[in-house]
Structures are given as C-alpha cells and as structure tokens.
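Novice: Spelled out, the chains give:
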Amino acid sequence: MNRVPWLTLMIVLPIGGAMLLQLVPARMTSVIRGVTVVFATAVTCIAGGLLFNLPHMAASGTQPLSLAFQEQRDWIPAISASYHLGLDGLSGWLVMLNSGLFLVAALAVSRSDAERLRRYCALMLVSEGAIAGTLLAADLLLFYLFWEGMLIPLYFILSGFGGPRRGQATLKFIVYTIAGSLLMLVAILWLYFASGAHSFDLESLIINPPPAQSVMVIPGINVSTFTPQDLVFIGFAIAFAIKLPLVPFHTWLPELYVQSPATTLVFFAGIVGKMGAYGFIRYGLTLFPSSINTFKWLFAALAVTGIIYGALMALSERDIKRILAYASLSHLGFIALGIFTLTTNGISGAIIQMVNHGIIIAALFLIAGYIERRTGTRDLSEMAGLEKRMPWLYVLFLVATLASLGMPGTNSFVGEFAVMLGAFQLGWPLAVVALGGTVIACWYMLRLHQGLMHDPLKPATEHVHDIRLSEGLVLAPLVALIILLGVFPKPVGDIASPAASQYVSLASQPVAPPSFGT
Amino acid sequence: MTLLLGIVMLLAAISALGVVLSRQTLYSALSLVVTLSMVAVIFLLLNAQFLFAVQIIIYAGAVMVLFVFIIALLNPEAEDRPAFDWRSWIGIAAVAGITILVFVTARNGITYNDGGLRGAQIGRVSDPYHTFSFPPDAVNAAGNVQTVAGQLFTTFILPFEITSLLLLVAAIGAVYLTRREHSGS
Amino acid sequence: MLAQSAPLVPLVTPSANDLLDLLPELIVGFGFIALMLLDLVVGRQRWWLAVAAIVFLAAGFGASVWGWFDSGNGHTLYFGSFAYDKFSMFINCVLLFSSALVILISPHYLNRRGIHHGEYYALILAATLGMMLLAGAMSLMVIFLGIEGLSLSLYILSGFSRTEERSQEAALKYLLLGGFASGFLLYGMALVYGETGHTQLQQIGAALHSTTQADPMLLAGVVLIFVGFAFKASLVPFHTWTPDVYQGAPTSVTTFMSVTTKVAAFAVIVRVFTYTFVSLYSHWEVIVAVVAIASIVVGNVAALTQTHVKRMLAYSSIAQAGYILIGVAVGTLSNTSSSITGTTGVLYYLAAYAVTQIGAFAVITIMAGRGEDLDSYDGLRGLAYRRPFVAAAMGLFLLSLGGFPPTVGFFGKFFVFAAAVNANLTLLALWGIAGSAISVFYYLRVALLMYQRPKDEQQEYPWSRTTIAGGTALLAAAAGTLVFGILVAVVFNGAQAAQNAILPAIASTR
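Protein chains in written order, with the working numbering: chain A, 1 to 518; chain B, 519 to 703; chain C, 704 to 1213.
Hints in this document: simulated from the structure, not taken from any laboratory.
Heads up, the beta-carbon is just placed ideally off N, CA and C, and yes, glycines get one too.
Treat the hints with care, as some may be off.
Residues on chain C that point at chain B, a partial pick, calculated with CB under 7 Å [unchecked claim]: (1) 715; (2) 717; (3) 781; (4) 784; (5) 829; (6) 844; (7) 848; (8) 855; (9) 859; (10) 1170.
Produce the complete structure using the sequences and hints provided.
Specialist: Below, the structure is given as structure tokens:
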C-alpha cells in the first residue's frame, strides 16, 4: 500500500489547522474562515478518497475486523498499548460524515461574533480531529483517549457559544458523559487484565477474550447474577448509552440542543450523537458477543421506548429546536434498534441511518437556525406563512422534512426500511411499536413544516427575507445528498452491508479459543 | 525494679498532663521540669547513664531555665507566682523520695528479670522479633559514653550530620522571624 | 575514664564512595549554605540568588540523573541509613524540577508582595534537601530528620510574610499541627523500634519477615507512623490544616509545598509501607484504603463549594492524595503478569501531579496583584481576554488535574486505577472514578470562568505582567503536562525501572 499515513493525517491535519489559526490575527475573519474551510475540505477529500478505495477484505483469524489502511506504532510498549489506526466499512462512512459535516459547519459558521470566530473555528477543527481519532482507533486505550479527549474542545464550544443557559446544559452533558466514560475505563482495564493477551489492541482482545470463569470482585454486588463479562459490558454500555443517548440517559440532550447555535448542532447532533451507536457496534458487538445477546432485548426495548418517547415529546413541544431535538432522539432510537436486532439487515440499516440522520439533522438544524435568526423567535405559535417570504427555504425545508419522516425516494427510507426488516426478524411486536413511531414522525414533522410555512403571515414573520445565496449553497449539498442517496443508495449499502455482516458474525458466534499461542 | 520503673513512668505521664492542664504558665513550666527529669530517670533505670546526664543537663537544666526566665519576663503578675500548699509538698516529697530510691538502686546495679512490664522486656531472647545487639552487661563493660559515641560516628553518622543542618535551618528561621526590618531594605 | 575493653561495635569509618553517592543531596545542601553567604554579597540584587539557586538545583538534577544510571540495582549508604537506588533518583528529579520551577516564579511575586528576602531561597533549598533525604531514607532516624528538615523550613516559609496576619496564622497552625504529627510519628517509630530492635528499614523488614504473627504494639506503631506521614501528605482525617495554610502562606510557598511535600511524603510512604512493612500488608491495607476513600470523598466534595482558587486547589490536592494512596493500598499485589503495579502508578502519578499542580499554582502566583493574591473565582473572570496564553495554560492544568486525556493527569489516574483493578481491588478504582467525576465540576467551572467575558470591559485589570522567568516556568509545566500525556512511555518506563530497583527489595515469599 502507499506509504502516506492518511489516517494520521485525518487526525493531525485539523488539529494542525487549529494551531495555524492561532497565528492569524483575530480580526481577519475572512482569512480565518478561509483557513478553516481549506483544512476541512482537505480532510473531506482524504476521507472520500479512502472510502471509495476501501478494499473489500475478508476477515481472517488474526484480523477479525479486516481493517484497511492500517497504521501501527509502539506507544507504551511496556503495557502493549499501541498507536493503531484502521478503517473499515463502519468507520469509513462515519469518518466521511464527520469530515463532511465539519465542512458544512465551517461554511455555515456565523459572522456575527467576529471577535471569537477564531476560537470557535479552532475548537471546531480540534473536535474534528478528536472525533476522527475516536473513529479510527483500533486500540482501546487510544480509543478512550480520543473518546474523552473529544470532550475538551466540545466543552469549550458548547459552553462558550450559544444561548444564555448553555453553561448549565453543557456541564450536565459533560458530567454525564465523564461518569459513563470513567466506568468504561474501569471496564477496559478489567478486560486488559483478564484477557490472556494483556493488550489494549482491539483485535487481539477479540481473539483472546477473557476466560468465562474469570474473577471479578466487587463487594456489595452479587457477581453470580451476571458473569463478569456482563458487568464489564454494562460499563461499556452505559458510556455508549449516555452518548447515544438511550432513553433513561437522555436528559442532557434537549436543553443542550436548544441552547446551542445551529453551526454547533450541525456537527454535534450530526456526528457526536453517532459516537455511542458506533461504540455499540465496534466494541459492544465484538468484545461481548454473549453479553450483548443476553441484553439485546433490554436495549432494543429501550431503543423503541426512545423512538416513541421522542416522537411524543416532539409532538407536544412548540419550540422548533426542541421539536427537532426530540425528533433527533426518536431517530437515534431507530439506529439503536437496528444495532440490537443483531441482524445484518438491522445493522447495515443502522450504519446507513447514521449517515442519513447526520445529513438530515444537520440540514434541519441549519434551517431552524436561519429561521430563528430572521424571526427572532423559536416559538412555533408565533410563526406562520413563511413560504410567502422564503420560497427557496421552503423547498429545501420540504425535502429535509420528507426525508426526516422516511418518505420513499429520500435517503432515510432506505435505512429505516432495513432497520425495520431487522426488527421484524428480532420480534414483530417491537417492529410494530417502532412503526408507530414513524407514524407519529409524520405527524410532528408535518405539523412543524405546515405551522412554519403555511397559513397567513404573523407579526414575527412579516418582514423576513429569504436565505442568502451563501446560506443556500451550504444547504443545497445536504439536500442534494438526501435525494441522491435516496434514489441511488447503492454506494452506501455496498460498503455498509459487508461491514454489518462481519460485525453480526462476530457477535453471533463467540470466538473459538485461540489455537495459536500468545 | 520493674515496679520502680513503672512508678517513674507514671510520674512522667502525670506531670506531662500537668503541663497541659495547669492554667498558669509557670506551673506548666515546672511540670515540664518534672516530666523531663522523670524521663532522665527512666534513662538511668535502663542503664543509659550518659543519656541520663545529657537529659538532665540540656533539657531539665538549660532549656527549662530559659523557659522559666522568659515566662517570668513576660508574665510578672503576682497571681502567676506559685503558691505552695500541702499538695505541692506531697508532690515534692514524692519526687524527691523516688529520686533518692533511684539513685540508691542505680548505685547498686540494675537488673531485670524476664517478667513484668513490656518496656523491660527489651533484649529478651524469647521475643520472636528480637535480634538485639546491645545487652546491658556488654554496654556497661565497654562504657556508656564510648558505646554511644561509637554508634553516633559510625552507624548513625548520617542522621547525626543531618541534625546539624536542621539546627542551621532552625537558627535561620529564628533570626528571620524575629529580625526587625531595616529602614530602607 | 579509659575504655577498659574494646567498643561494642568495631569502629568502621564510612567509605568515601558513600559520600560520592550522596552527591545530589550534598550539592543541594551546599547550595543551601552557599546561598546564605551569597545573600550577604548580592545586596539588593536578590535575583542573583534565584539564579544561583537554580544553578544548584540544576546541578543536583544532573547528579540525580547520573545517579539514576550509576545506581544499577541500588545499594545502601552509611550502614543502611540511606538508599542509593533508582527510586530515590526518580523522586529527586521530580523534586528538583519542581523546586526549580518554583524558584523561577518567585522573585517577581516576592517583589510584588514586598517580602523579597534572601533567606527565601536558602530555605527552599533546605526544604528540598529535607525532601530528598526523605526520598532516600532507609532508616527511621533519617526519615524523622528528613520530615523535620522539610517541615522546619516550611514553617518559616509559610510565615514568610511577617507583617501579614494570615501568613503568620498559617505558619502557626502548620507548626502546631506539624509538631503534633511529628509526635505521632516518633511514637510509632519508638514502638516499631521496640518491637524489632532496629532503626534501619532493611533490618526491620527482615525482622518482620521472620514472623507470621503481628504483635498489637507493633501494629500500633505502624498505624502511628502512618498517621505521621498522612499529616504531611494531607490525607483525611489529618488534612484540616491544608486549606488554611495553603491560603495563608505566600502563593509561591504554597506552590512549593503543595507539590514537593506530597511527593516526598508519598515516596517515604511507599518505601516504608509497600516495601518494609510488606509482611504486614493484610493489616494496614484496610486502613490505607479507607483513608484513600475518605480523602477522595472529602477533598472532592469540599472543593465543590469553594470560591477561591487557592482553597479549591488545596481541597483538590487532598483528593489527589487520595487517588495516589490507592496505589499504595494496592501494595505489591498483582494478579497477572502485567507490569502495572501500585508503585509504578504512584510514581507516575507523582510526576504527573507535580508538573500539573506546579503549573496551576504558578498561574495564581504569576497573576498575583500588588500586596494581595487575586485568586477568587470572580478575579479570574475574563482572564482569557487579557492573558490568552496564561489562561490556556491554566485551562490545560485544570484539565490535567481533572484527568482528561491527552494530558499527563489522565495517565496518572489511569495507572493507579489500573493497578487497583489488577489487584482485584476494583471497588477502590470505582471510588476513585466517582471522585474524578465530581471533580470535573469544579475544575471546568474555573476553566469556563476564564473564558467568560469580563464583567466590565473597560475595567482596569489588576493582573500582573508575566515575566520571562514566569513565562518559562509556565511553558515548562505546560509542555510537561501535554508532552508526557502523549509520550507516556518515557515516564512510565522510568517509573517502572524505579519500582524494580527499589530498596528494600520485596521479601521473596510474597
């Protein structure tokens, strides 16, 4: 293969860009925006190039994940933690989504707060690098490093930019996430010590799982109820469930989404929200095949609860950002449901849906941001008849709305259909309830769209003007992708399905004990 | 012998309590004199005559005299002056009696049998941890001062030297904290 | 008067090699005395003293690095009184580095506070010497003298601002409670000596190893020694002096003592407990674990409600001590062949803590106003707008204290928790994690404040200018925090080598 460390570049390039930004004087806003866009574009090009050159590799005994473009270097040799990166069909799409959404965010970044533009752009680029690292890492310690390190730029972005109550909302998110991550840290440590491999490398941990009778002593917890693997899985699962979020852990989400500006939400809702789902597939399915089978009903039920709960909450809200936040929660439920069906259909649907949802939610939050900036309100009841004032936005919004409720011909339909197929394979009652969620989705999305666009104008919407060309150019690619992936979903499916079937096979059959020595 | 040691220890403890509990500073200081003297007596009873002498001269003597001087300097009020009543006389008589007893026994040689207080058991062979290297007879034969000096300048030379640095630090601190500010510096 | 018979112990003079192996300590000790004399020469050009102090510390650092390579598997000096091993050299390096950073930030601060006297530098070196002695101590005597050496210097240093009541109060409080702690320590040492008949750690270890039963007197001695150390490391419930003394003392002194005292105290705790009292592990494990948990809980909860950075850092340092103590509570247990042990974790944590905590306090020191410390939370608001680099450095230190990757603080926690999991003490690790999750609140709160807009844009801001020396110190601390968080292997391998060569070696039966 070629010698260029492309994966490292995807991590280092944005962070280097952030450092470069510090050299630009803060008042040269157009230079700052230019540099940011250039770096984001470069990373997007790399991600795209790698994705479409991703070789179809069969899993082998020593490489159960069939990672491509691997890079491996010693990091802390004494504890066999290595700098190990790799790309597969799952992470490939998410990396592409990551870089794409950050490019969109870089293009859409608001000029209004010129004084702090440099800090915002720099933090954004650092976040992009950290998220890319999380997606590419194939070593548990390295993964954890990026997983928690990503919170640093996110903390400063979320707490520094947005609505008046952002500080509290951010702190809630951070403390929630940290608590979950730290549990995962202990789980990682236990895996490390219990596994015969004594390595943090994901693949060698998959090959050398901890013995079933391994000991774990936590006074006060009756370990005999669950196997130690189950407890460790719960440690991982809580971290991922908080980040996803699954329903009992979702309380940080609505307020944070409401307080954050649209640009932040493009990548925060678009890609950070997918990290939990990614973690479940990448680590939950591969490291804990037996535990995930034990718990799949629980998590599938939680996912369906999330779908319905999010949908009902979206229906009852009047704040447009809050509606979108709950809609997002509901859609994330679909992704989670797809994962816990543990079927190829479900998981490939989940992967596709992660990409789709990232595109759609980014477009929706951008639109909500544009509307809010023009009308000065987010209250649905104060707005109506925008189609007369904003015909261009009306069209773009219509497409995004239809995609969001899973209309055939938009990208979302493909993903949701696959997830539903998987759900039916798991058990029809779950699928039926989840279908109920899509019905409510039609209801609240159309309510949102009609409420905003139709009917006579109201005072707040009297004097608004349509989106500018630059804003339209940010939205247009997203909307084009929605339609393109809707009518021609093959490229996504071609890469997602083999990856999905591979993860399913890892999850369904506990790996046989290693026949070769370690 | 063990009983005598026990009484002296008790006296040391009681007078130490007296240092903390008495309301007048001079009483505290005098109680401290008794405590330090009793510690000295314990040294004597344990066959450490050199340490006994050092303890008496330095602590009960020099240090305490300074203490009492300073207290007298700072606190010349009449009510702080000790008033002797019958209790004090009993105390003084007890201390004096014990001291005489100690000197008499010390003159006649001090030996312990294996039973009794734990403090007297040091050197007992049956003690599982013990690999004691200074049996009293051998120390007496070699000479108390010589043994201490030999130890101090061989095995414990490093702590001994560190102590000198410690004194220097203390001296600097005392000078710094009490020094008056020069005008202009 | 003549000795009739030969002295009990044949008079052996210590070899010259012993003196040579003591080179790092000798250099610093010489520097201490030389600085006192230099003070007479330099007149009002006191910054020369700082230069000289840094030269001595750097020379000591060089000697320690030389000692690291020279000591091999380690041996004792002066009849088993002192250790010449990689462990003490590792600690020496951390101590000397920290002291040098403190000296760097001191002159400017002392000038602003109007307490720039020559004794300061001498006393810092004296305290450093005491800590180095503590790090290498192999005898109860040297341990006691080392503790007294560092304490005496720190008593004076915390009262260094003679006209300020709060500083005097801090000094007095520290002195009284420190004297109390010394009493406990001596009592414990006396009991241990009485039971084993030895003051040298190696012989104590051997004597303890030869028996299986533990005498109550011996255990009482062990506990009392731990109490004495716990005072110095400010562990709960012996922490009450910490916030007041940290706040009252001049900030540069607080910087110094919050870091170096803990490093030295934990060095001696590891040597005495993990390695000397190893055969009594089952007896002291519970006590140490409970103290660790108590420190984590009390430190973190109390830090939540603080409104001054110095006090917050004081309480957080109590919690940090709790995390480190987890590494001690693990002892030498290891269920697997993994190389992560409690001692390695403690050493890594100490290095990480030193570089981070020095940085955090250095920011407060550097920003100090004329005559007073500006360490209230409100005083920090908007720092990022006036002093972007100082604020960024402070943010980095706070993140490292909170244990965020990729800073060195994360790996400190990581290795300590890993050691706990490795020893099947997962519950301890979980307590540590609960504490870390709480700590995120107050660290990030301060970090956020610095990045908020100042209340009044036009307001005159009181923060001092950053001097070149102060900037260098900050840069060094920040670089250490970040670089060692990425190139983890450098420090980790060092900690491991130090752990492997520590004296006294573990008794073979465990």
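Novice: Are there hints from earlier that the structure breaks, and if so, what are their numbers?
Specialist: Of the numbered hints, just 10 does not hold.
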